[in-house]
Amino acid sequence: MRIVITGTPGTGKTTVAAQMAKMLGLKLILIKDIVEKDKIYTVENEEKIVDLEALAGLLKKMLKDEKNFVLEDHLACEIKIPTDYIFVLRTHPVELKKRLSARRYKPEKLKENLLCEMLDYCVQRVMKIYGRRPIEIDTTKEKARSTTLKIIKIIKNKKKKGDKVDYSKELLRYLRLLR
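In terms of my numbering, the sequence shown has 26 at position 12, counting the first letter as 1, and numbering is strictly consecutive.
Please note that a few of the clues may not be correct.
[What the hints assert, rightly or not] FRET-style restraints, in silico, Cβ to Cβ:
{"#": "1", "residue 1": "Thr154", "residue 2": "Arg190", "range": "13 to 23 Å"}
{"#": "2", "residue 1": "Met141", "residue 2": "Lys173", "range": "14 to 24 Å"}
{"#": "3", "residue 1": "Asp65", "residue 2": "Lys112", "range": "13 to 23 Å"}
None of these hints come from the bench; they were simulated from the model.
Please read all numbers here as calculations on a predicted model, not as lab measurements.
Backbone N, C-alpha and C define an ideal beta-carbon position, used for all residues, glycine too.
Kindly generate the complete structure, drawing on both the sequences and the hints.
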């Protein structure tokens, strides 16, 4: 079983992916580790910019014969990866702001990630790159373990439907504040 978990930073992807891999006995693949190990990034303004082409090439080779894995990263929505399930973890912008602030995100990076969440960026990218709608899971009020169990239940029941997530009202509120 090939599972991809993506979403905006702060939605719980890494914890959920690790729990899923352990519970299902699958290999855990963290894109962040591949990027660091193979140094496929440049640094601009103290920010790492990942070479998506190089990453795609590495993943293609790496996953060629892999049939059982959980792959996680916010960049997984940018690269087509052979998968049976693709999940986008979502978090309400107010909660996401708390989580990212606790990680000491710089104001610009915080705004960028909140906008990505409100604009359904990862969902839109998955639809464009993979040519199908991902399964969205709302992690706003959930602990990682309950999110993991929810995803496993979806997989075991062979469902392709998750939560209905829409933060467009939050986006409108945010845009009004900018006036």
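Cross-check of the supplied hints:
1. Thr154 <-> Arg190: 13 to 23 Å: At 22 Å between Cβs, range holds.
2. Met141 <-> Lys173: 14 to 24 Å: holds (18 Å)
3. Asp65 <-> Lys112: 13 to 23 Å: violated (32 Å)
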